[in-house]
Amino acid sequence: MYGLFLRHFFLIKSSFPRILDLIYWPSIQIILWGFISKFFSTYSDYYNNTVGIILTCAILYDFLFRSSISFNMLFLEEIWSRNFTNLFIAPMKISEIIISLVFTALIRTLIGLVPAILLTSPLFGISILNLGVPLFFLFLSLYIFGITLGLFVSSGLIRFGPSFENIAWSSLFLLAPLGCIYYPIEILPEFFQILAKGLPLVYIFDETRNILVNNFVNFENILYAFYLNAIYLSIGISLFYFSFSKARKKGSLINMGE
Amino acid sequence: MIEVINLSKSFQNNKAVNNINFDIGENEIIGLLGPNGCGKTTTIAMILGLLKPTKGKILINKKNIENHRIELLHKMNFISPYIELPKKLTVKQNLIVYAKLYNVKNIDQQIEYLSSALRLDKFINRLTGELSSGQKNRVSLAKSLINNPSVLLLDEPTASLDPETGNFIRSFLEDYIKQKKISILLASHNMEEVKRLCTSVMMMKNGKIIDRGAPSELIKKHGRKNLEEVFLKLARAEHEF
Numbered sequence: 022m023y024g025l026f027l028r029h030f031f032l033i034k035s036s037f038p039r040i041l042d043l044i045y046w047p048s049i050q051i052i053l054w055g056f057i058s059k060f061f062s063t064y065s066d067y068y069n070n071t072v073g074i075i076l077t078c079a080i081l082y083d084f085l086f087r088s089s090i091s092f093n094m095l096f097l098e099e100i101w102s103r104n105f106t107n108l109f110i111a112p113m114k115i116s117e118i119i120i121s122l123v124f125t126a127l128i129r130t131l132i133g134l135v136p137a138i139l140l141t142s143p144l145f146g147i148s149i150l151n152l153g154v155p156l157f158f159l160f161l162s163l164y165i166f167g168i169t170l171g172l173f174v175s176s177g178l179i180r181f182g183p184s185f186e187n188i189a190w191s192s193l194f195l196l197a198p199l200g201c202i203y204y205p206i207e208i209l210p211e212f213f214q215i216l217a218k219g220l221p222l223v224y225i226f227d228e229t230r231n232i233l234v235n236n237f238v239n240f241e242n243i244l245y246a247f248y249l250n251a252i253y254l255s256i257g258i259s260l261f262y263f264s265f266s267k268a269r270k271k272g273s274l275i276n277m278g279e
Numbered sequence: 730m731i732e733v734i735n736l737s738k739s740f741q742n743n744k745a746v747n748n749i750n751f752d753i754g755e756n757e758i759i760g761l762l763g764p765n766g767c768g769k770t771t772t773i774a775m776i777l778g779l780l781k782p783t784k785g786k787i788l789i790n791k792k793n794i795e796n797h798r799i800e801l802l803h804k805m806n807f808i809s810p811y812i813e814l815p816k817k818l819t820v821k822q823n824l825i826v827y828a829k830l831y832n833v834k835n836i837d838q839q840i841e842y843l844s845s846a847l848r849l850d851k852f853i854n855r856l857t858g859e860l861s862s863g864q865k866n867r868v869s870l871a872k873s874l875i876n877n878p879s880v881l882l883l884d885e886p887t888a889s890l891d892p893e894t895g896n897f898i899r900s901f902l903e904d905y906i907k908q909k910k911i912s913i914l915l916a917s918h919n920m921e922e923v924k925r926l927c928t929s930v931m932m933m934k935n936g937k938i939i940d941r942g943a944p945s946e947l948i949k950k951h952g953r954k955n956l957e958e959v960f961l962k963l964a965r966a967e968h969e970f
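In order, the protein sequences belong to chains R and L.
Residue numbers for the first sequence follow our numbering, beginning at 22 and rising by one.
Residue numbers for the second sequence follow our numbering, beginning at 730 and rising by one.
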């Protein structure tokens, strides 16, 4: 019994990322739910249709989450199955790898999300389609950001190998409090507001709530989200190329997964 | 054809490969022998373009892999016991995936040929993860030949196989090279395999090629009974090279 305890204790003690991982999740959950609670206690009569707004935002956030995770999963599955090297010795350009991952991730995301969207109507009487035509732009914007995050994480996986895996799972949760999914940006402390304004999520979710509460579309928010997405996507693609080049110098493409 | 010219690779201060030169002509199998960590895998990784050389160059059919990586990979392939095919896909699905990745024209015909030649027929529709190590090895070999490569890199292709399967793979490779125009680099710890398949052998140690020649020549030159004894002599000689 003590031996088994020691086996895990030694593992935790010797790995800073593992210790960080143990601290990370409770901290993020508390911060996120802290901001949500603060919002509802301060502005309890803010929404007429609380369930509708929360559920719509939850579905949109899940779409972002699934698209990013789907992108990362496609990479991680190659590492786990020890097929990674086979792929990188196949005659595929980096651009072709990115494009195929983008489309495959979209299919994976939709397979998971469509049933959830269909369930909200009979269960809660809510349809995300109430957002109308702007819904397409909101989804597209979220998908681009999800893919961008996927590119950042995959770049880390190429460069640092499977040890970067934990980042793949935690990256999106780190953005959840700053993304202002369920509350307006004003709820965040001032310093966090500055950071949050650099994320397209703030504009996407602000616009979602705006459409549902005010029944009015502010295309400025949607456009601003696209501008930011274009910047992050360019950085993400460049980082992916850079990581591949670094991995070829350092040798991390060999025996990946071991 | 493979030409390796003044090739070196350093990781920080460690010279994994130190100024090696060799070439492999058409229809030639060259063996690469050496103790663990001598630089065999690093050399193979550089030939495949997975690793950027610190110095020197690799020409495949007269083209530099660094400048024509994607174009050349169409005609190259690799097998190693350290990499696998997705376990949740059937053998046939895996072969189709790689045939598509290598832009193979007659996919069905090619899979049928490999399936028959490597005796995959009985388990072609089974999940790859459910196969024995001998069967998996034959599937990996089929994957490595799916694009009819003109350059094939084999890293311990018969490691951990039973003698019968190992012998089958070796016989297959002997026949294959007679039928196709191909250059093969074989890294192996199995001296009998190297002696049987290779026209020439390179002995590697500490990142350098310390000796080379036909297996029988090396045995004679070092006054030993077989290639294994030559290998041991060279591997143990701390200061000779």
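FYI, nobody ran anything at the bench for these hints, they're computed from the structure.
Computed from a prediction, not measured in an experiment: that's the story for all the values here.
Ideal placement from N, C-alpha and C gives every residue a C-beta, glycine not left out.
Do not rely on the hints blindly, as some may be mistaken.
Per label pair, the in silico range of CB-to-CB distance [said to hold, decoys possible]:
{"#": "1", "chain 1": "L", "residue 1": "Ile-734", "chain 2": "R", "residue 2": "Met-113", "range": "44 to 52 Å"}
{"#": "2", "chain 1": "R", "residue 1": "Phe-263", "chain 2": "L", "residue 2": "Ala-964", "range": "36 to 44 Å"}
{"#": "3", "chain 1": "R", "residue 1": "Leu-254", "chain 2": "L", "residue 2": "Asn-854", "range": "38 to 46 Å"}
Residues from chain L that keep clear of chain R, each with C-beta distances beyond 10 Å, as calculated [stated by the list, open to error]:
{"#": "4", "residue": "Leu-788"}
{"#": "5", "residue": "Arg-855"}
{"#": "6", "residue": "Glu-921"}
Covered, in the sense of this in silico footprint (three residues per stretch, anywhere, with C-beta under 8 Å from a C-beta of chain L), are these stretches of chain R [to be verified]:
{"#": "7", "region": "112-118"}
{"#": "8", "region": "129-136"}
Against the structure, the hints come out as follows:
A hinted range of 44 to 52 Å is violated for the C-beta pair Ile-734 of chain L and Met-113 of chain R, which are about 27 Å apart. At about 39 Å, the beta-carbon gap between Phe-263 of chain R and Ala-964 of chain L stays in the expected band of 36 to 44 Å. Between Leu-254 of chain R and Asn-854 of chain L the C-beta distance comes to about 41 Å, which sits within the given range of 38 to 46 Å. With a closest Cβ-Cβ approach of about 17 Å to chain R, Leu-788 of chain L is found to remain outside the 10 Å limit, as its non-interface label requires.
At the 10 Å boundary, the C-beta of Arg-855 of chain L stays outside the reach of chain R, the nearest C-beta of that chain being 16 Å off. Non-interface status of Glu-921 of chain L relative to chain R is upheld: no Cβ of that chain comes within 10 Å, the nearest being about 26 Å off. For the region 112-118 of chain R, the proposed coverage by chain L is satisfied: 3 residues have a C-beta within less than 8 Å of a C-beta in that chain, meeting the threshold of three. Under the rule that three or more residues need a Cβ within less than 8 Å of chain L, the assignment of the region 129-136 of chain R is violated, with 0 such residues.
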